[in-house]
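K.L.:
As numbered in the UniProt record's numbering, residues 1 to 726 make up the sequence shown, in order.
Just so you know, these hints were derived from the structure itself, not from any lab. Cβ atoms here follow ideal geometry from the backbone N, Cα and C, with glycine treated the same way. A hint or two may mislead.
The calculated DSS-like cross-link candidates involving lysine-lysine, where the alpha carbons are at most 27 Å apart (straight line), are [said to hold, decoys possible]: (1) Lys622 - Lys608; (2) Lys647 - Lys608; (3) Lys600 - Lys395; (4) Lys217 - Lys193; (5) Lys584 - Lys600; (6) Lys584 - Lys647; (7) Lys693 - Lys647; (8) Lys217 - Lys144; (9) Lys608 - Lys395; (10) Lys641 - Lys622; (11) Lys641 - Lys608; (12) Lys617 - Lys647; (13) Lys193 - Lys584; (14) Lys217 - Lys584; (15) Lys644 - Lys693; (16) Lys519 - Lys487; (17) Lys608 - Lys217; (18) Lys644 - Lys622; (19) Lys608 - Lys584; (20) Lys584 - Lys641; (21) Lys617 - Lys162; (22) Lys617 - Lys644; (23) Lys622 - Lys584; (24) Lys519 - Lys617; (25) Lys622 - Lys647; (26) Lys605 - Lys584; (27) Lys617 - Lys600; (28) Lys605 - Lys217; (29) Lys622 - Lys162; (30) Lys519 - Lys600; (31) Lys395 - Lys217; (32) Lys519 - Lys584; (33) Lys617 - Lys692; (34) Lys162 - Lys217; (35) Lys644 - Lys605.
Label-pair ranges, simulated between beta-carbon atoms [claimed, not checked]: (36) Gly337 - Asn606: 54 to 60 Å; (37) Ala324 - Asn574: 36 to 42 Å; (38) Pro679 - Ala324: 31 to 37 Å.
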Amino acid sequence: MFFILPKPALRVYKNFKNIVLYDKKNVHNLSKNGKSVQKYYNNIIYLYKNIKVKEKFTNLKIIFFLLLLVDLTIGNSEKIFLDKKKINLSMNDNTIVKNENVKNYDIKNNSNLLFIDITPLNVINDKFYEIIKEMDHHVSRPVKDALILLLATVFVVPLMRKFNTSPILGFLAAGLFLGPNGFGLVHRIGASKTLAEFGVVFFLFEMGLELSLSRLKSLGMDVFGLGYLQWLITGFILAFISLCNNASIEISLVIGFGLALSSSAFVLQLLSERGEVGTRFGRASFGILLFQDLAVVPLLVVVPLLATGGGDFTSLMNALILAAGKAAVALGIIFLGGRTCLEPVFRFGASAKSPEAFVATILVTVLAMSTLTESLGLSDTLGAFLAGVLLAETKYRHQIEADIAPFRGLLLGLFFITVGFGIDISLISGNFLTVITMLITLLVIKASIITTLGFFFGINFASAQRTGLILAQGGEFAFVTFGLAQKSNLMSPQLSQLLFLIVALSMVMTPFLATTGFKIASSIESKRGLMGARKEDIANAKDYVVVAGFGRVGQSVCDLLNARLIRYMAFDMNPARVIEARNKGLPVFFGDACRPEVLKAAGIKNPKAVVVTLDDKDGASKAVNALRREYPSIQIFVRAKDAKHQKMLQLGGATAIVPELLESSLLLGGAVLLSYGTPIEEVNSLIEEARKKTLIDAGLDVTGLTNFSSHNKNDDKKSDNDCNEN
């Protein structure tokens, strides 16, 4: 029952001591027995006399007591006067009531007498209750569940941001409290989980958009070297441990290789939040997760065979060969058909000049690609990821990313909530030692194996241990694997539920493990020399971009390079800034990158390009001159303070120069024009004309800059023509 209690009624309890909180259930039972009004209240008095009077009550208990009195009110009396010896229903404000000390008190002036004005409450409460009941009758259960989940999403993210904590923990807690193991406010768990799975699909699609095929190739060793060995070694070790605990060979293999998988949703979300996807440990983590997505295929093929007893070597090999054939066909269809069809499909969707049509094209593409790969035995997330990779090469990438972000964020949050649904506190309390032992074993073994392998693959210990800790949890595909094993009667429901709990708890630990890894890396880096280049930092150094200066401009450049997984090494002369960056796992070193001997000492003999972000005019000019003398063929990108400075840099041999004051003023003016309704094409044209005029007036060669700007402008124009309405 809902109650509305006006503030005047709440003020009167402050000095009232002789009250007790009645048993509401018992009182209601009395009312259902058909007692008369007077008898009803006499029974209340009887309860009052037989319950020990408490001298002090918390505000909350007293408020509950007031609500109880309102709920028990019968008749149309305007006021209730409550005393230990009697309850007097009266219309008269001047009624004299005798209290336990047999003294007369004027009701108006007696601060020790409880007074509640209930005239408006009977009508309001009854009406409010009827409205709520009627609304509850008309609203369907799925709508209620959706509303509850949306409200949880609305409150979780701001709350977690306020406490500077990952929203993932908030979503997990929301799932725990809202789900069947908490307050049970969400009933259709299966439907919620089905919808939540799309969150992971869209998230992997967005990650694919951040990569191109060339960048994906650079992850080859991390995917098929580090990722393969991690899954194989971890799977066999965990399977051996299960076998030693009296599990059958079949069940041990399923448990071992199922728990060897990690959570793409958790890890990639944490890496994205911290901007560490492009770091060495971020690339290693991403490569391992990508291989695990591929490893799901043979795992799901083998599980039913193990359940039916067809797990002999010949049957397994035939099944794996068939799965590999399906995977090859699927990948061939995606790469050949995708590269041929996706561009025309999006061109057609964009030609409608409708945001709805363009978003629908995105959704159809993602779901179609994920369904295709799933139907061929691959994971749906792999199909979505590859679709993103193919679209990363098109001019629609930025518009797609902007349109898909709200869906991805909402559905991914829902996925984390559904993981919280699977945390059964009662199962923990009943098997506490077993759960804790299995959880610690999983985390320690996976973290140790990945850290060791990472070290052997040339990753320094600071980054290797971060990779191990952030990938130590179980993955979302473990739920699929163990669920299939249970469905195939290979695994008992009790064991699968226990494994579900272990995986869910390990996911909960992920943010804490990531933070622990960061702190360990910070401690290691603080003891390392600021100039000491690491093995993985100087591997393939010829492909690196060197960033001279890691201030605001340098950091922005590095963020863009990180987003595209372009390898770089940054140098700065500020020790505090270098330490802070290295604590985050970024390849930033102390030194002057404008001195070729410093670059050679860091293992960089022939960089691919150098970006000079120095704020000092003379320093930037000297840097360009020195770099051009030492590296005649490299590209040198530099910022210029003004047109005069730009001319000096041009004479020094800079490849591309960005005059910061000119560009800032042009962008500012363009923003003003846009606010007055000037079309974007006209604004771009005016900015280009102003840029050319300013540079020509300064006597500068604008050919390179003009070509660069025109290229961007043409791309933007094509994209605008196709997507402007989206």
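K.L.:
Straight-line Cα separation of Lys608 and Lys395 no greater than 27 Å?
P.N.:
holds, 25 Å
K.L.:
Would you mind confirming whether the straight-line C-alpha gap from Lys162 to Lys217 stays at or under 27 Å?
P.N.:
violated, 39 Å
K.L.:
Lys519 and Lys584: Cα distance at most 27 Å?
P.N.:
Holds - the C-alpha atoms of Lys584 and Lys519 are around 9 Å apart, at most 27 Å.
K.L.:
Take a quick look at whether Lys217 and Lys144 sit within 27 Å of each other, Cα to Cα.
P.N.:
Answer violated: Lys217 to Lys144 is near 46 Å, above 27 Å.
K.L.:
Quickly compare the C-alpha distance for Lys584 and Lys600 to 27 Å and report which way the hint goes.
P.N.:
Holds, at about 24 Å.
K.L.:
With the threshold set at 27 Å, check whether the alpha-carbon distance from Lys644 to Lys693 stays at or below it.
P.N.:
Within the cut-off at roughly 14 Å; holds.
K.L.:
Straight-line Cα separation of Lys641 and Lys622 no greater than 27 Å?
P.N.:
Status holds; Cα separation ~15 Å.
K.L.:
Decide if the proposed pair is consistent with the structure: Lys605 and Lys217, CA atoms, cutoff 27 Å inclusive.
P.N.:
Holds, at roughly 23 Å.
K.L.:
May I ask you to test the hint 31 to 37 Å on the CB atoms belonging to Pro679 and Ala324?
P.N.:
Given a distance of about 53 Å, which is not inside 31 to 37 Å, the answer is violated.
K.L.:
Between Lys617 and Lys692, is the straight-line Cα distance small enough, at 27 Å or below?
P.N.:
The given pair, whose Cα atoms are some 22 Å apart, holds under the 27 Å limit.
K.L.:
For the pair supplied as a hint, Lys600 and Lys395, is the alpha-carbon distance within the 27 Å limit?
P.N.:
violated, 38 Å
K.L.:
Just to be careful, I want the Cα atoms of Lys584 and Lys641 compared with a cutoff of 27 Å; is the pair within it?
P.N.:
violated, 30 Å
Hints 3, 4, 6, 8, 13, 16, 20, 21, 23, 24, 29, 30, 34, 35, 36, 37, 38 from the list above are not met by this structure, while the remaining hints are.
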